[in-house]
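Undergrad: Let the hints inform the model, and build the full structure from the sequences given.
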Amino acid sequence: MRNCLIFSESDFCIGLIGDMINGNYEKFRLEIRELLKNAISFRNLKEENSYYLFVIGLVSIISENYFVKSNVESGDGISDLVLKPKDKNKKAFIFEFKKR
Numbered sequence: 014m015r016n017c018l019i020f021s022e023s024d025f026c027i028g029l030i031g032d033m034i035n036g037n038y039e040k041f042r043l044e045i046r047e048l049l050k051n052a053i054s055f056r057n058l059k060e061e062n063s064y065y066l067f068v069i070g071l072v073s074i075i076s077e078n079y080f081v082k083s084n085v086e087s088g089d090g091i092s093d094l095v096l097k098p099k100d101k102n103k104k105a106f107i108f109e110f111k112k113r
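For the sequence shown, the numbering used here begins at 14 and goes up steadily by one.
Heads up, a few of these hints could be off.
Listed next, the in silico BS3-like pairs over lysine-lysine satisfying Cα-Cα at most 27 Å (straight line) [unchecked claim]:
#1 K103 / K50
#2 K50 / K99
#3 K82 / K104
Computed spacing ranges between beta-carbons, pair by pair [what the hints assert, rightly or not]:
#4 K40 / E109: 16 to 26 Å
#5 K97 / N37: 18 to 28 Å
#6 I69 / E39: 14 to 24 Å
#7 K97 / G31: 11 to 21 Å
#8 K40 / I107: 15 to 25 Å
#9 G88 / N51: 16 to 26 Å
Think of the hints as simulated: they come from the structure by calculation, not from any bench. All values reported here derive from a predicted model rather than from experimental measurement. Don't be surprised by glycine CBs; every beta carbon is placed ideally from N, CA and C.
TA: Structure follows, in structure tokens:
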């Protein structure tokens, strides 16, 4: 398993975010799950907030290209995390965290 310091722009973290940006969503999801499973104790991930904070740290790598917004109200609900591109020709990303 590769290690990733959340506040470091390691090749693994950049690749992981690249998978998300390039539409490799299943790979992104599986890599996040594997990273959480192997690098972080389940005791630290008891609430959805823990996942939210982890992903916020991870996506901070691309904050120069995306507005990172949390708890965005839309319609009848609230999105946990929204990445809105500064370039309107790029995709936005919406995250909803659910504990299983």
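Undergrad: Indicate, hint by hint, whether the structure satisfies it.
TA: Here is what the structure says about each hint:
Under the criterion of a C-alpha separation no larger than 27 Å, the hint pairing K103 with K50 is inconsistent with the structure, at around 31 Å. A C-alpha spacing of about 32 Å is found between K50 and K99, which places the hinted pair above 27 Å, so the restraint is violated. Of the pairs offered as hints, the one joining K82 and K104 holds, with about 15 Å between alpha carbons and a cut-off of 27 Å not exceeded. Roughly 19 Å separates the CB atoms of K40 and E109, a value that falls within the hinted 16 to 26 Å.
The hinted range of 18 to 28 Å is satisfied by K97 and N37, whose Cβ atoms lie roughly 20 Å apart. Roughly 22 Å separates the CB atoms of I69 and E39, a value that falls within the hinted 14 to 24 Å. For K97 and G31, the Cβ-Cβ distance of about 18 Å falls inside the hinted range of 11 to 21 Å, so the restraint holds. Separated by about 18 Å at the C-beta atoms, K40 and I107 satisfy the suggested range of 15 to 25 Å.
Under the hint 16 to 26 Å, the C-beta atoms of G88 and N51, about 37 Å apart, miss the expected range.
In summary, the structure is inconsistent with hints 1, 2, 9 from the numbered list given earlier, while agreeing with the others.
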